[in-house]
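> Given next are the chains, with one letter for each unit.
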Amino acid sequence: MPEMAIQTQKLTRKFGNLTAVDGVDLQVAAGQFFGFLGPNGAGKSTTIKILTGLLAPTSGSMQLLAVDFASKPVEVKRQIGVVPEGMGLFERLTGSEYLKFVGRMYGLDRATTQRRSEELLDFMQLADRPKTLIADYSHGMQKKLALAAAVIHGPRILFLDEPFEGVDALAAGALKALLARMTERGTTIFLTSHVLEIVERLCSHVAIIHKGRLVAQGSLEELRAGISGEAGSKTTLEQIFLSILGQDGTERPQLEELSWLM
Amino acid sequence: MADVTRSVGIFEQIRLVAGLRWRILRNGLRKKNNRLDLIGLIFVGVFSGILVTGLSFAFYAGAYAFLSQGRLEWMALLFWGIFLFWQIFPVFVAGFGANFDFRTLLRFPLSLRAFYIIGLAYGFADFSALASVCWLLSMTAGATVAKPGVLPAMLLIVAVFMVLNVTLERLIGSWLERLLARRRTRELFLGLFVLSMISLNFLSPLMQRYGASARPAFQRLLPYLAWFPPSLAGGALAAITRLRPAEFLLSSAVLLIYLFFFSALLWRRFSAQYRGEELSETAAPARAAVRSIPATDDGPDRLSLLSPPVAAIVRKEFRYLTRNGFAYLSLLMPPLLILIFSMNFSGRHPTVGGKGVSAEMFFPGMMAYLILILMAPAYNSFAYEGRGIQTYFTAPLRFRDVFLGKNLMLVSVLAVEITLSLAMLAWRVGLPSAHMLVATCAAIIFTIVGQLTIANWSSITFPRKMEFGQMRGQRQSGMAALVAFGSQILMGGISAVILFTGNWTGNLWLPAEAFIFLAAAAVGGYFASLDALATLAEKKKEVLIEALCR
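Top line first, the protein sequences correspond to chains A and B.
Quick note on the working numbering: the first sequence kicks off at 1 and runs consecutively.
Quick note on the working numbering: the second sequence kicks off at 263 and runs consecutively.
Incorrect hints may have been included.
What the hints assert, rightly or not - Straight-line Cα separation of at most 27 Å, DSS-like style, residue types lysine-lysine; simulated pairs: (1) A:14 with B:409; (2) A:131 with B:727; (3) A:211 with A:131; (4) B:727 with A:211; (5) B:802 with A:10; (6) B:802 with A:211; (7) A:131 with B:803; (8) B:727 with A:72; (9) A:234 with A:176; (10) A:72 with B:801.
Source of the hints: derived by calculation from the structure; they are not laboratory data.
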């Protein structure tokens, strides 16, 4: 049985009467590039917040790298990197200052932090603005910096909430190559994205959440097989996604109602 | 194929925009906090209404008195009052944050002419414009009652004066908008504003010292004011009352020239906006060429005695302090305030009646006042973290380290401020006796450390996000302000009672001994509270993140 990077049991989060995450059982093996999908408001961000310690679950439990999060949160956090929703940057620091700050927060020594900061800034093409405050960065630059900060300590699990949103094609290509290299070396990547093509290209395994409940989980091949009945068919992730979510027939808007537009 | 619709008239567009603004206000009030804002808004509205109505009576009476008593030159004074209020009030309001950006309307099919007229109509919806229009109408009524024959001329002058004012106000507003579009200039503007407000405290001592000698120079400037719009409006009215049509025509013509000149400039500005002037301060995409940044050697770690996370937070807090113009400026305030107060109430160069208070009272009093000011931000210490607050919860650290780093920075700043203030006090007032000095210094430690524990609790329980370089909408959490007020009263009260026990008991060193004991207890209590507060922070993290990541 493969080593598990992320395991949850009946993970539930309620906000008043609303159940945002409803009894989710996730299984992510170490080294997987894992895509976490769902329509708007399905519970993706809530789940990722719970998994990264930004939100406490109402009930259920979770283990990251076989360590129980609730009992040893600091030990778990040392092993993970996060690009949270909104990126979580301190906007009054420069990119270099922020990376050094994060490096030291994760316990890296000064020399290592300095060296890694420079390398990451170079890689992310942010090195030519050493004195620019993060507040003055473009959205794409902030995204790249947030990713740099998430990997500076060499995490074993990387959580990415919409990592390619607002990033130009050139940088996105470099980031994808970096993430692919990280998974080759054993890092587990847990990614949410609305761009299904990206998930299909990068991820080996996918889970789909809908109205707080996990409705599908497995490798892409397993999901294709589940939909079309034959493994290795040409079914795209978008078709799988729509097929799973559109089962009750209420999700798709009726184009006939907009006849005046056509 | 898109439907071809009839073009919408300007008045219909103005009505639609007014409806939009109303809906934005109404929908904003659905939130609980905004309902409290509504109560505040009603309170401010009633207060403003009383102010405007009261001044309307004053303008009515002024115009009536000046015209009926033949003191026609004084009419210009009324126009000057309105002119200055109309132009200056919106400048201060605009500096504190973004207004409703009516340029977003450019996405709709508007002609430049319609855009210009809607822009002007917007100008009439400001508080300063509404109040000024009320006052001008009151003046018209007062003048008409005094001399019914001036009504047509008065209506003409007031109409031109209104359009001129709204045009100039929109012109200044659009220039200011362009200037304040950049974060740095916005912060600089706020800094200058705060500095100028503080500087007003020097006005009284300066007037007392130099007022008489400055009067002749001011009087020499008066004739030049006659060529400004308010004097021209007053002059035109005076001329028509004295039946001097040539003078009236000249003043009115110059007033119209001003109006055309400002209108031309405003048309130019609005044309630039209409063409899609880009005011965004967002950085351009990064250059593709990768350039290594030079390796920098930070040298030995000056904060090596601290754990890495605490040292990192202290460094970050220091950088935030140096990049927050408002906070940076507040560091200048303590010595400046001592200078102001010593000029007014005490010191070797007192200006108020030549009487001062003794250093024995002045020293602890000023220190209490400074702590009151400098400790206030500690009660909402995460205000400027924004989305960065998430880092504290995703990083592998105990939250007590966050409190330690933040408090250490604050205490360092306070130590520097108090030392500077002490130096200023020694120069201006002189130092108090040894027992009072020791007692006050121990009291400072007691009140600061004692408050830190409460302030840390307040910061995680009642967080409120604040933005750099903005004042509009930058209110502290009401509960945090209440907690700060309560604890400051408590600490101040305890300290005052203890200080006076020295006099009551005749043992002058008793307060010093008592404060040293209390300071030690406060320090012990502070460290004992950190773990409990860290646990509370973990429980409150959702509230904290939600409040600061908005």
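> All the hints need checking, so say for each whether the structure fits it.
Cross-check of the supplied hints:
Restraint check: the Cα-Cα separation between residue 14 of chain A and residue 409 of chain B comes to about 74 Å, which exceeds 27 Å; the hinted pair is violated. Restraint check for residue 131 of chain A and residue 727 of chain B: the C-alpha separation of about 25 Å stays at or below 27 Å, so the hint holds. At roughly 44 Å between alpha-carbon atoms, residue 211 of chain A and residue 131 of chain A are farther apart than 27 Å, so this suggested pair is violated. Under the criterion of a C-alpha separation no larger than 27 Å, the hint pairing residue 727 of chain B with residue 211 of chain A is inconsistent with the structure, at around 31 Å.
Restraint check for residue 802 of chain B and residue 10 of chain A: satisfied, since their Cα atoms lie roughly 23 Å apart, inside the 27 Å limit. In summary, the hint linking residue 802 of chain B to residue 211 of chain A is supported, as the alpha carbons are separated by about 26 Å, within the 27 Å threshold. About 32 Å separates the Cα atoms of residue 131 of chain A and residue 803 of chain B, which puts this hinted pair outside 27 Å; it is violated. For the hint pairing residue 727 of chain B with residue 72 of chain A, the CA-to-CA distance comes to about 30 Å; that exceeds 27 Å, so the pair is violated.
For the proposed pair residue 234 of chain A and residue 176 of chain A, the alpha carbon gap of about 23 Å is at most 27 Å, so the pair holds. Between residue 72 of chain A and residue 801 of chain B the alpha-carbon distance is near 16 Å, which keeps this suggested pair within the 27 Å criterion.
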